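S.K.: So the chains spell out like this:
2 protein chains.
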Amino acid sequence: MANEKYRDDAETDINAVSEAFSEELTDLLKQKKYAEVRGRLAETNAVDIAEALENINEELGLDMTILTFRLLPKDSSVEVFAYLDEEEQVSIINGITQHEIDYIIDELAFDDMIDLLEELPANLVDKILLKTSREERKLINTFLNYPENSAGSLMTIDYIDFRENSTAAQALRHIKDVGLDSETIYTAYVMDEKRKLKGVVSLRALVLADDDTLVGDIMHTDVVSVTVTTDQEMVSNMFKRYGLLALPVVDREGRLVGIITVDDIFEIIEDETTEDMHLMAGVTGTGDDEYFDMSVFRHVRTRLPWLFILMCSYMITGGIIERFEGMLSSVICLVSYMPMLMGTGGNSGSQSATLIIRGLSTGEIELRDFPRVAWKEFRISFCIGVLLSLLNFLRVIFIDHNSVIVAVTICVTMLVIVVAAKTIGGLLPMAAKAVGIDPALMAGPVVSSLTDMFSLAIYFVFASAFLGL
Amino acid sequence: MANEKYRDDAETDINAVSEAFSEELTDLLKQKKYAEVRGRLAETNAVDIAEALENINEELGLDMTILTFRLLPKDSSVEVFAYLDEEEQVSIINGITQHEIDYIIDELAFDDMIDLLEELPANLVDKILLKTSREERKLINTFLNYPENSAGSLMTIDYIDFRENSTAAQALRHIKDVGLDSETIYTAYVMDEKRKLKGVVSLRALVLADDDTLVGDIMHTDVVSVTVTTDQEMVSNMFKRYGLLALPVVDREGRLVGIITVDDIFEIIEDETTEDMHLMAGVTGTGDDEYFDMSVFRHVRTRLPWLFILMCSYMITGGIIERFEGMLSSVICLVSYMPMLMGTGGNSGSQSATLIIRGLSTGEIELRDFPRVAWKEFRISFCIGVLLSLLNFLRVIFIDHNSVIVAVTICVTMLVIVVAAKTIGGLLPMAAKAVGIDPALMAGPVVSSLTDMFSLAIYFVFASAFLGL
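Taken in order, these protein sequences are the chains called A and B.
Following my numbering, the residues of the first sequence are numbered contiguously, the last one being 469.
Following my numbering, the residues of the second sequence are numbered contiguously, the last one being 1469.
Simulated from the structure, these hints should not be mistaken for lab results.
Bear in mind that the values here come from a model prediction, so they are computed numbers and not experimental data.
Heads up, some of the hints might be wrong.
[Said to hold, decoys possible] Straight-line Cα separation of at most 16 Å, EDC-like style, residue types lysine to aspartate or glutamate; simulated pairs:
(1) A:Lys32 <-> A:Asp63
(2) A:Lys30 <-> A:Glu59
(3) B:Lys1240 <-> A:Glu267
(4) A:Lys176 <-> B:Asp1211
(5) A:Lys74 <-> A:Glu107
(6) B:Lys1240 <-> A:Asp263
(7) A:Lys194 <-> A:Glu272
(8) A:Lys194 <-> A:Asp217
(9) A:Lys240 <-> B:Asp1271
(10) A:Lys240 <-> B:Glu1267
(11) B:Lys1240 <-> A:Asp271
(12) B:Lys1240 <-> A:Glu270
(13) B:Lys1176 <-> A:Asp210
(14) A:Lys240 <-> B:Asp1210
(15) B:Lys1240 <-> A:Asp264
(16) A:Lys240 <-> B:Asp1211
(17) B:Lys1176 <-> A:Asp251
(18) A:Lys176 <-> B:Asp1212
(19) A:Lys176 <-> A:Asp126
(20) A:Lys30 <-> A:Asp75
(21) A:Lys240 <-> B:Glu1270
(22) B:Lys1131 <-> B:Asp1161
(23) A:Lys240 <-> B:Asp1106
(24) A:Lys176 <-> B:Asp1271
(25) A:Lys198 <-> B:Asp1271
(26) A:Lys240 <-> B:Glu1043
(27) B:Lys1240 <-> A:Glu272
(28) B:Lys1176 <-> A:Asp212
(29) B:Lys1030 <-> B:Asp1075
(30) B:Lys1240 <-> A:Glu107
(31) B:Lys1198 <-> A:Glu43
[Stated by the list, open to error] Computed footprint of chain A on chain B; a stretch qualifies when at least three of its residues, placed anywhere within it, have a C-beta under 8 Å from a C-beta of chain A:
(32) 1236-1246
(33) 1294-1301
For each residue, glycine too, the CB sits at the ideal point set by N, CA and C.
Model the full structure from these sequences, guided by the hints.
M.R.: In structure tokens form, the structure reads like this:
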């Protein structure tokens, strides 16, 4: 994030541009200047139009939304429809004629249609599938049954394939003939007679090749592919790693069944990152749902479990304090350093945990790096611990005017806490991953609660030793 | 993250596949089976080869790395080179002949060459630019001077452009003539005589169009573009929002100067996310550097500032405790609930802060949603606060055997703390954004330290009121 960098430059604020368009459209609609609306719609991209439609639905109601939708040029209406939120998609399907529905369903990319069908109530599904053939319906059902977040649920069947012995000219002709329906024609696939994936050839290579070059001679055979059950995180990792525009999906026998295109990957990356961040804050089960779309009750359910678990862990911390109540009431000034020691321990541990969790997630740190991480965190934390201890020594003596022995207690405790917190914070996510627990869970909240516990234990042990209590 | 989901499926582990290849290659090299190495290299993709080369450099040293690099088929050696880390790139440049260097520089995409030049020491830069023309060197200098993380530093000059009045057949012929050097030919740009960007036309549209269709008739005029100074976060947002394969970069006069391609965007998204997460844990200034690449001293510098600032904030917390030392020493059992109240406050606040920070970053929550967030967080926190209070009431009475009045104090404090922490945690990132501070800074550590402060204040005020101290 670097909002401040382009904050002063309104023209480059992505939201500002689309908001301005949305407001302009709303104004024109209020003034019933429909011809102008039509003109503006014709010259704007589908993404901004879809967002404007959502605002219009919010501000002017469904009738106006459908009216605006009908003012769209016919060929871009389907693209706009594909970019709408499910809520608006369902409303529009409910409000337009069967004829208009048939047109949209006909033109919609296969994977967008599957996404739509997953959201629709049963009666609308029937309405939509009225005109599809029995075979198509069977295929649709297969797709609807792929597990959520699997490669199968992400793929489309709109891909182009041909045989090794086609020439480049024949292949381009074939693309021209069938290509209109394909979501992406930039990568085509070469299969043998059993539909097994043999290679991949880019439109770039086809266009640049001489007409009579054989496809088999320009295809790449080092194809990376996934199976229908591959998890979407793995899918997005492969796009990132290999810089792909499309990824073929094969069944267990290696036969091509669909492709995933790069435009669907950004959303997956965003969703996976959001899931990671939420988990790191002890928020579980938000899924792909947006903040305002979730009810208060649903929010409570996603946040309460970890708050409760961590609160219980403080019973142990409370127990430690009870044991040392005698010492605390005789040297009550010790209490005033408790929050600082616990807080600094928690913050130190969170820093290390976050760095390691992120490193594990990007693949920069691997499990076999365990000893390297331990050694590195130990040295880092030792430096930080010494520095913070020295500052505290000065503070306790010169600002708080407490005795040297109290200052020494605080300093030694601080050093041990920072070293322990950073080492535990760094290694806990790796240990979690090793036993199959998501490392993101071992972030801030869990680490803070753990460090609070041993910070106090360390503090009291040193205090009773040094102060002879 | 969903590691556990594909944990049991070794064949789909992206690292396992490339590690196996890397080990195989290392073994073959140790056995001096160079013909087999050459064979395996020819059938593997550039990304996996680049990673294997890095491992070979680590395990077998530079000589073996250069030997392996020379075993690569000539046409794929440049692609592999482009995927190497800067460290290995510099080592290889140092180890190969001037003739080999010239070949690489000749074939390298323009933006990859700029990236390389930015990393090289001055004497090597001269070696590389030995054969470039004066004009080329001027262009390279312009690119080297674009600010880091700006669109200018990301773009390439390898794009295809033509005029409106070309036909599709002419355009395809033009692509065929110049296309070999272009990093992406899937999107071509239409300019007027002053090089002003007029429209964009996809290779898809060109291939599907009839031969004599005019480019002007199939181009899109609703082009989204950025300027050379646009921040990379904005660039990646535009790719995400519009599902682009390439984005044109224009100068202040609207003239096309370069394009950015989708394959560079994944890395930016990853870097921006990492930066966000680090900031959220109070780690600043890691930049794009990897964990192990940073020295211990560098790590200390990235972590110490916020640890120090937050530690200082605990002086206030300590001051609050000192004021109430009298009360604490007379009812010492109050001390044992301090960590639980502070910890639960901190965790509650972190949850809300993280949800809002992430929502702001994905664009799902906007500044104008301030009142909605406040109201939602209030209701959520009230529910959670009541539930946690009830549990605590039972615990204080039945497990800790403390008096009812202590239990009531804890419960009321808990409720107020949770409500205050969640409301502050939710609104603080929005307030930060409104005044131009990165909202990611208002995450876990800052929120915890703040909530610790007022949690204790609230606790002591209620305790002295209820217990009459």
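S.K.: CA of Lys1240 (chain B) to CA of Glu272 (chain A), is that 16 Å or under?
M.R.: This hinted pair holds, its Cα atoms lying about 14 Å apart.
S.K.: Quick one, are Lys1240 (chain B) and Glu107 (chain A) close enough, alpha carbons at most 16 Å?
M.R.: Outside the cut-off at roughly 23 Å; violated.
S.K.: Going straight from one Cα to the other, do Lys240 (chain A) and Glu1270 (chain B) come out at no more than 16 Å?
M.R.: holds, 9 Å
S.K.: Checking one constraint from the list: CA of Lys1176 (chain B) to CA of Asp212 (chain A), max 16 Å. Satisfied?
M.R.: holds, 15 Å
S.K.: Do the alpha carbons of Lys1240 (chain B) and Glu267 (chain A) lie within 16 Å of each other, as the hint requires?
M.R.: holds, 8 Å
S.K.: Check the hint pairing Lys176 (chain A) with Asp1211 (chain B) against an upper bound of 16 Å on the C-alpha distance.
M.R.: holds, 11 Å
S.K.: Compare the distance between the alpha carbons of Lys198 (chain A) and Asp1271 (chain B) with 16 Å, and conclude whether the hinted pair is satisfied.
M.R.: violated, 35 Å
S.K.: Does Glu272 (chain A) sit within 16 Å of Lys194 (chain A), going by the straight-line distance between their CA atoms?
M.R.: Distance ~36 Å between Lys194 (chain A) and Glu272 (chain A) Cα, so the pair is violated.
S.K.: Does Lys1176 (chain B) pair with Asp210 (chain A) here, judged by a C-alpha cut-off of 16 Å?
M.R.: holds, 9 Å
S.K.: Decide if the proposed pair is consistent with the structure: Lys1131 (chain B) and Asp1161 (chain B), CA atoms, cutoff 16 Å inclusive.
M.R.: violated, 27 Å
S.K.: Within a Cα-Cα threshold of 16 Å, do Lys30 (chain A) and Glu59 (chain A) meet the stated pairing?
M.R.: Answer holds: Lys30 (chain A) to Glu59 (chain A) is near 11 Å, not above 16 Å.
S.K.: Can the restraint linking Lys176 (chain A) and Asp1271 (chain B) be considered satisfied, given a maximum Cα separation of 16 Å?
M.R.: violated, 39 Å
Of the numbered hints given earlier, the model fails hints 7, 8, 14, 16, 17, 19, 20, 22, 23, 24, 25, 26, 29 and 30; all others are met.
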